[in-house]
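A.B. asks: Build out the structure end to end from the sequences listed, making use of the hints.
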Amino acid sequence: MSSAGRRPPFALALAATVVVALLLLPLAYLVIRVAGGGQVLDVIWDESTLDLVVNTVLLVGGVVVAAIVVAVPTAWLVTRTDLPGRRVWAVATALPLVIPSYVAAFCLLGFFGERGLLQQALGVERLPDPTGYWGAVAALTLSTYPYVFLLTQASLRGLDPSLEEAARGLGVTRARALARVTLPTVRPSIALGSLLVALYVLSDFGVVSLMRYDSLTRAIYLQYRSLFDRTPAAVLALVLVGLTAIALAFELRARARGRLWRAGPGTARRLRPVELGRARYAALAWCTLVTGVFLVLPASVLGYWLARGIANDRELEMPWREAMHSLGASGLAAVVTLAAALPIAVLVARYPSRLSRLLERLAYAGNALPGIVIALSLVFFAARYASPVYQTLALLVFAYAVRFFPQALSGLDTGLARVGPRVEEAARGLGRGPIATAWLVTVPLVRSGALAGAALVFLSAMKELPATILLRPIGFDTLATEIWGATQVGAYSQAAVPALLLVVLSAPVLWLVHGDRGLAETGG
Amino acid sequence: MKGITTIVVLALALLAAGCGGDEAAGGPLTVYSGREEELVAPLFEKFTDATGVDVEVRYGDSAELAATIAEEGDNSPADVFFAQDPGSLGAVDPQLEELPQATLDRVAARFRDAEGRWVGTSGRTRVLAYNTERVQKRDLPASVLELTRPEWKGRVGVAPTNASFQAFVTAMRLSLGDERTREWLEALRANGAKTYEKNLPIVEAVAAGEVDVGLVNHYYLALVKEEQPDAPVANHLFEAGDPGTLVSVAGAGVLASTDQRDDAEAFVEFLLSEDAQRFYVDQAEENEYPLVAGIDPPAGLVPLDEIQGPDVELTAFGAELESTVELLRETGWLS
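Chains as they are written, first to last, in this note's numbering: chain A, 1 to 524; chain B, 525 to 859.
To be clear, the hints were calculated from the coordinates, so they are not data collected in a lab. None of the values given here were measured: they were computed from a predicted structure. Just so you know, even glycine gets a beta-carbon here, dropped at the ideal spot from N, CA and C. One thing to keep in mind: the hints can contain errors.
Claimed, not checked - Keeping only pairs whose Cα atoms sit at most 16 Å apart, straight-line, the calculated EDC-like set for lysine to aspartate or glutamate is:
hint : chain 1 : residue 1 : chain 2 : residue 2
1    : B       : 749       : A       : 313
2    : B       : 718       : A       : 129
3    : B       : 718       : A       : 114
Stated by the list, open to error - Calculated Cβ distances over 12 Å to all of chain A for the following chain B residues:
hint : residue
4    : 597
5    : 626
6    : 786
7    : 818
8    : 819
What the hints assert, rightly or not - Quick list of the computed label-pair ranges, beta carbon to beta carbon:
hint : chain 1 : residue 1 : chain 2 : residue 2 : range
9    : B       : 701       : A       : 54        : 31 to 39 Å
10   : A       : 36        : B       : 799       : 41 to 49 Å
11   : B       : 703       : A       : 42        : 20 to 28 Å
12   : A       : 508       : B       : 576       : 38 to 46 Å
C.D. replies: Quick look at the structure:
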């Protein structure tokens, strides 16, 4: 790290600071709310708050473990082995990312619930209750394991074969090489993916509400709905920020030991795929199971609702206008968030210092906050101090950027970590200024990571609901609000159309996350 | 940095295109609606047809919209707040103006704010939804108080976090006192009542046989029947004066910060017009009660004046909510 200790250009530091300051607006709002009320300690020391924290930690832990168990073996199988049809499996196992978690919960309940598809198919009187902890873990795993899957897969693809080959050359068995060389190298990606999962789980309300699981986020929503005082909700939200800090610390530890650059860009070759032999039947069964549970099952429930709607002659319209709104707002969000993440990513990767690290961590601080907290904080600031942008598309896009910032950052981070500073140093040595270097050298090299980050933001924004409801311009319906509106009145057959359209429109974007072709080109 | 410039220009262009925000007087009327678009959108169209005034509607959850109005303060773009329940209206009543007496007088005093800041626009009763295959009509309880008996063990669904259930508990507190309400809540919990998030999932659960009966508002039955016409579920009314038969309202109020007072008041008046009230009877999917005298309720509903709910004032509910929530918390219904 020859660049350690170098002072970053002023413009870069300023841009990063401004971005972080904007990202911290929701926190500022919470502090204002809490300072206004008097019962902070009452809420924090309340026994039920402790229960909520324990419940929330259990939920995050359960989902992160489940996501790793599902994602990492699958990523290895589709990337590093001769699994038959691995390209198809790679797409199919990443696809659940485009299913909103509340839709996932509706689908699981529609399948396993009372009078659900399973019970009808089996013709039995009663099945175990699918709600509660395990239901919440299942639904959240469904919509979040692809984060770990995609990041692990990208990192496995970019792996320098010489490491594993060297280990094998030293007489180490394949299994040991996997455990001692490959896994530690991809560990930062797994950690980063797990962090995204944890932040998502901390902030998600739809699933815990439908599965009736008492987490902090559910309690925060209920506090807001009980109308008479917004202070307790704000206190609970700050507790959530505390949990985020712990998750960040974990991730930092897991990643600290794994960061490495390929010594000389341009020299890497692709690894020869591992031959599975007979094990490929087990591998195929595993992929079938993952795809069946996390993709085919929810899709068939949606299909069933749609069929029921058609059979009952309900009015079903194609929500094209809403689809255009979703695509437009999400596309803007992807670009804006990526642009905002760039200064911070560069600062951390190229000018590592305690300060830059702090800025990066602060950028995460508000990301586990539930959508309603972020929405109300922006209502508060915008209605009071920036009324021209209040209830405009600009503010909605800004809200998406605040919520999904880490996803853009994770993409850039993965990209930058693999480029290595020496190429840039060469450009500087040839007399280019720092901005020209960034533009001419760094940006093209991290293109694939940047695209992946932007695609993740896009997909998340397509699904976003709570902030969209409160902050969208009036009449700006999206696919997500359409689904919400229909489920509010129990019209599942009418929710199925926008839900399926959301999945179909989001799916092609996965290719971007997936492609990683820029890397293949630059890496030879 | 060309990309960033492009984005900024693009965003500004979209802003200039007028995606919302400021509104000159005489522009469209802005309504925050906690009532679902599926249910009330035709009402807004009718108003525009009748008056020529365009309406822009922000749909959302009533309580979340109340919180939004509170955070917006005097800068709220909303002119009218059209809410699902008196609680949400009560939560922002300092920000509501007093309505004209002629508008208020369209409905009975028990269906409006005592200080005239909001008025009920449609009515709903609390009922016991029951599964017609699993519960015989003659076995249905006469009073909500009977649900704590052993024969109902594990068979009752409730939504303790939902505003309408909390309003019912408030009604019970005001009519029977805090102690009896506390005992009932504890007994119901001990009797294994299942909790749900909202009314609608309860009626769905009753239809599915997950529970046999559920405490809900009457009109969710129609919504479930719309999606599943053969669902074996029906509504049962408790006896006269029972707290389980609370009659409540959805209502509307005008924001004091509005810059279109005349249009806003005209809109609330319109909601109480014969035309709009008939909408609930003739067209609306959800079977609500009209509140203006002289208009019969939808077919199949017991007329409102034949339903005798508990003797309580809806106006008092806003101030009582905190104590109700506290009681629910103490009896273990809320975490």
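A.B. asks: Please check whether the beta-carbon of residue 626 of chain B is more than 12 Å away from every beta-carbon in chain A.
C.D. replies: At roughly 29 Å from the nearest Cβ of chain A, residue 626 of chain B sits farther out than 12 Å, so the non-interface label holds.
A.B. asks: Residue 818 of chain B: least C-beta distance to chain A exceeds 12 Å?
C.D. replies: About 29 Å separates residue 818 of chain B from the closest Cβ of chain A, which puts it past 12 Å; holds.
A.B. asks: Does residue 718 of chain B pair with residue 129 of chain A here, judged by a C-alpha cut-off of 16 Å?
C.D. replies: Given pair residue 718 of chain B, residue 129 of chain A holds - Cα atoms ~12 Å apart, limit 16 Å.
A.B. asks: Check the non-interface label on residue 819 of chain B: least C-beta distance to chain A beyond 12 Å or not.
C.D. replies: The claim holds: residue 819 of chain B sits with its nearest Cβ about 24 Å from chain A, beyond 12 Å.
A.B. asks: Range first: 38 to 46 Å. Now tell me if the beta carbons of residue 508 of chain A and residue 576 of chain B are that far apart.
C.D. replies: holds, 44 Å
A.B. asks: Taking the CB of residue 701 of chain B and the CB of residue 54 of chain A, does the distance hold inside 31 to 39 Å?
C.D. replies: The hinted range 31 to 39 Å holds for residue 701 of chain B and residue 54 of chain A, with Cβ atoms some 36 Å apart.
A.B. asks: Does residue 718 of chain B pair with residue 114 of chain A here, judged by a C-alpha cut-off of 16 Å?
C.D. replies: Within the cut-off at roughly 14 Å; holds.
A.B. asks: Residue 597 of chain B: least C-beta distance to chain A exceeds 12 Å?
C.D. replies: With a cut-off of 12 Å, residue 597 of chain B comes too close to chain A, as the shortest Cβ separation is near 7 Å.
A.B. asks: Holds or violated: residue 749 of chain B and residue 313 of chain A, Cα atoms, limit 16 Å.
C.D. replies: holds, 13 Å
A.B. asks: State, for the Cβ atoms of residue 36 of chain A and residue 799 of chain B, whether the hinted interval 41 to 49 Å holds or is violated.
C.D. replies: Cβ of residue 36 of chain A to Cβ of residue 799 of chain B: about 44 Å, so the range 41 to 49 Å holds.
A.B. asks: Does residue 786 of chain B clear chain A by more than 12 Å, comparing its Cβ with all Cβ atoms of that chain?
C.D. replies: holds, 20 Å
A.B. asks: For the hint 20 to 28 Å, verify it against the beta carbon of residue 703 of chain B and that of residue 42 of chain A.
C.D. replies: Since the Cβ atoms of residue 703 of chain B and residue 42 of chain A sit about 25 Å apart, the hinted range of 20 to 28 Å holds.
Comparing the model with each earlier hint shows a violation of hint 4 alone; every other hint is respected.
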